[in-house]
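Peer 1: We have chain A already, so just place chain B on it with the hints.
Number of protein chains: 2
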Amino acid sequence: MDQLSKLKCQACDASAKLLSQDEIESLLSQVQGWEIIVDSGIKKLKCDFATKNYVKSVAFTNVIAEMAETINHHPQIILEYASVTVIWWSHNIKGLHKNDFIMAAKTSELF
Amino acid sequence: MDQLSKLKCQACDASAKLLSQDEIESLLSQVQGWEIIVDSGIKKLKCDFATKNYVKSVAFTNVIAEMAETINHHPQIILEYASVTVIWWSHNIKGLHKNDFIMAAKTSELF
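Here the protein sequences line up with chains A and B, keeping their order.
Its first residue numbered 1, the first sequence is counted upward by one per residue in the numbering used here.
Its first residue numbered 1, the second sequence is counted upward by one per residue in the numbering used here.
Copies of the same chain look alike in the list, so a pair counts if it fits in one copy or across any two.
The calculated DSS-like cross-link candidates involving lysine-lysine, where the alpha carbons are at most 25 Å apart (straight line), are:
1. K94 x K56
2. K46 x K56
3. K52 x K94
4. K6 x K98
To be clear, the hints were calculated from the coordinates, so they are not data collected in a lab.
Bound-form chain A, shown alone (with noise of 0.2 Å):
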């Protein structure tokens, strides 16, 4: 996982590929605790963290969303009591990007 995450998310647009399969497969090996996860057709990558209790959510949220503002690139972040749930994808492929991998590395190394 050190070596993906000290990769750069670099910015992509509707005409970057998404992943296949096999790259997908390759990256998830990667990133401990990730999920790929299909919502409305649209591959994502998912991870719960467990925290001690709001506030500690709270926090961990306002760390991601700093990284996310700088690097431009965003997740969907669900916040509750004890966990904090991250969710990575390629908004314009509508999928999987190797950035997203990068950031998933990221967001488990600030954890």
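Peer 2: Frame of chain A; chain B shown alone:
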């Protein structure tokens, strides 16, 4: 909605009574934009708030979270690029209490 938002959310335990369907319908008419959803058999109160961008979504999330922590009643918040979805229910009684409608009204007032 004004009146409901002025009420206090009272701490309730597992012995508190779930609202009846009639009570739910009466309270729902007082919180514009909110809808009832059923998630794993649990009735919840949900509203999507459209925002201008991620920074605005994060800011609104923090305002709700601060209120939630002060009152010690905590919603699920789904933070996205241009929306914040807020879902209230009473964990203790696995459903809806008047508190949830009070918090919904307060949330709308904060927006």
